[in-house]
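Given only the sequences and the hints, what does the whole structure look like? Please build it.
Residues in the sequence shown are numbered consecutively from -15, following my numbering.
To be clear, the hints were calculated from the coordinates, so they are not data collected in a lab. Some clues are possibly wrong.
Stated by the list, open to error - With a straight-line Cα cutoff of 20 angstroms, these simulated DMTMM-like cross-link-like pairs (lysine to aspartate or glutamate) come out:
1) K23 <-> D(-9)
2) K(-2) <-> E42
3) K(-2) <-> E32
4) K23 <-> D2
5) K(-2) <-> E21
6) K23 <-> E(-3)
Source: prediction; values computed, not measured.
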Amino acid sequence: MSQVRFDYTLPVEKVIVDFSEADIWDASTVAVLNSVESKYADRGITVEFRGLDGVSLERYQRISGLG
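Shown next, in the form of structure tokens:
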């Protein structure tokens, strides 16, 4: 598995994170995603998580308090 690094200094309006070949397994993953989303939001940048399967989406929403 490769490690992803986010560059919060790039001049973009939107960041898309593709989960079509990945799963969300636990609260630590959700915490990292929430942190990434928050850091971009602080800079006025929207983050979209795409490709989450049903189980991963449910887990993300439940742990994040969104579902």
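Now the hints, each set against the structure:
1. Among the hinted pairs, K23 with D(-9) is consistent with the structure: their alpha-carbon atoms are about 10 angstroms apart, no more than 20 angstroms.
2. Pair hint K(-2) plus E42 does not hold up; C-alpha atoms about 23 angstroms apart against a cutoff of 20 angstroms.
3. Of the supplied pair hints, the one linking K(-2) and E32 holds, its CA atoms being roughly 8 angstroms apart against a limit of 20 angstroms.
4. In summary, the hint linking K23 to D2 is supported, as the alpha carbons are separated by about 18 angstroms, within the 20 angstroms threshold.
5. Of the supplied pair hints, the one linking K(-2) and E21 holds, its CA atoms being roughly 11 angstroms apart against a limit of 20 angstroms.
6. For the proposed pair K23 and E(-3), the alpha carbon gap of about 13 angstroms is at most 20 angstroms, so the pair holds.
Violated hint: 2 only; the structure is consistent with all others.
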